[in-house]
Amino acid sequence: MSPAVLESKAAYDIIKERFGDAVSEFDANPTMPFFEVLDASRWVDIALYMRDNSLLQFNYLACLSGMDYPEEEKLGIVCNLECIGKYTHKLAVKVKCQRDGGSIPSVSCVWHTANWHEREAYDMYGMVFEDHPDLRRILCPEDWTGYPLRKDYKVQETYHGIKVPY
Amino acid sequence: MGLLDAKVSNRNVLVTSVDNVMNWARLSSLWPMGFGLACCAIEMMATNASNYDLERFGIFPRSSPRQSDLMIVAGTVTMKMAERVVTLYEQMPEPRYVLSMGSCSNCGGPYWDHGYHVLKGVDRVIPVDVYVPGCPPRPEALIGGLMKIQELIRMEGLGISREEALKKLAEKSVDAQQVLDQTRKAAIA
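These protein sequence lines map, in sequence, to chains A and B.
For the first sequence, full-length UniProt numbering assigns the number 1 to the initial residue and increments by one for each residue that follows.
For the second sequence, full-length UniProt numbering assigns the number 1 to the initial residue and increments by one for each residue that follows.
Some hints could be false.
Derived lysine-lysine pairs resembling DSS-like cross-links, with alpha carbons at most 25 Å apart [stated by the list, open to error]: (1) K148/B - K168/B; (2) K163/A - K74/A; (3) K151/A - K148/B; (4) K74/A - K151/A; (5) K151/A - K94/A; (6) K163/A - K168/B; (7) K154/A - K80/B; (8) K86/A - K151/A; (9) K163/A - K96/A.
Please keep in mind that the hints were generated in silico from the structure rather than gathered at the bench.
Taking the hints into account, I'd like the entire structure generated from these sequences.
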């Protein structure tokens, strides 16, 4: 493991110690080491802990992207977390939910950046973020049908009488 | 210059047709609707800037559709924006002209196959008079397109519809390859 990954591992160990089975094993991916939140209902607790623990201080949500896993019948998010200031560790966190009607707790109260990012993930993949203050589509028009980044997405034939496909 | 061909008597009397004067006035003060959609808009702004100086043609962007006679659709028209473009177009008084600038606006550009969110050509929602190809077109190309609009205006007149004017223009059309060959020959010589 490179020094950067070792740093991330050290941060992960603190989280694992506190949350035990709610988080998965550490994946020592050299570009972006990550772990998965197995119990999605504890995601906000974990997020708050990661932000506020003095040894972790993940105060910067660099990115939150959506993911589609059709073979697992799941949707998910990937959060890239960093610390600005005291530490240089980086971690990605994955959270998954059911593909149909699934929901993930919103972390927009933990990192305000998440507000728009979660709206984007909702717009593109269609998972619901519980307790999000303003969950509306952000890129597509309000009355757009379907979620464009799902792997089985089929574009609609017309939108307000305008032909959509080529 | 249509007017300069007209006969001017020694008492400063100018003899010409109403069509001629009206069209000359219209084509010498084109006011494009001032809005841009994507990267082509940067090129459009560059064209309006001092280096290319569109004001020598009397072309100056106007911020209100009610006083514009030309719409330059510069850039990617998304489905979300398409309806707004139509609204702007409908607010413009007639006679109005539309210049579609760049591949995106002409046919969807790089999004023509996989871009679910892009209108595959602005002519699906509003009629287009002149298409300027390119991604994005250089200011020279846009100026070429604007001059084409001016030619179209010159062909129009009282009792001559846009269709007839377009037909007349088509008769005058030159083969692009021929022009290129000539220019190349001239450059070598």
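Going down the list of hints, with the structure as the test:
1. With a CA separation close to 13 Å, the supplied pair K148/B and K168/B stays within the 25 Å bound.
2. The suggested pairing of K163/A with K74/A is violated, with an alpha-carbon distance near 31 Å, which exceeds 25 Å.
3. The hinted pair formed by K151/A and K148/B fails the criterion: a straight-line CA distance of about 45 Å is larger than 25 Å.
4. Straight-line distance between C-alpha atoms of K74/A and K151/A comes to about 12 Å, which keeps the hinted pair within the 25 Å bound.
5. A distance of roughly 19 Å separates the Cα atoms of K151/A and K94/A; the hinted pair therefore holds under the 25 Å criterion.
6. With a CA separation close to 32 Å, the supplied pair K163/A and K168/B exceeds the 25 Å bound.
7. Of the pairs offered as hints, the one joining K154/A and K80/B holds, with about 18 Å between alpha carbons and a cut-off of 25 Å not exceeded.
8. Between K86/A and K151/A the alpha-carbon distance is near 40 Å, which puts this suggested pair outside the 25 Å criterion.
9. Between K163/A and K96/A, the direct Cα distance comes to roughly 35 Å. Violation of the 25 Å bound is thereby established for this hinted pair.
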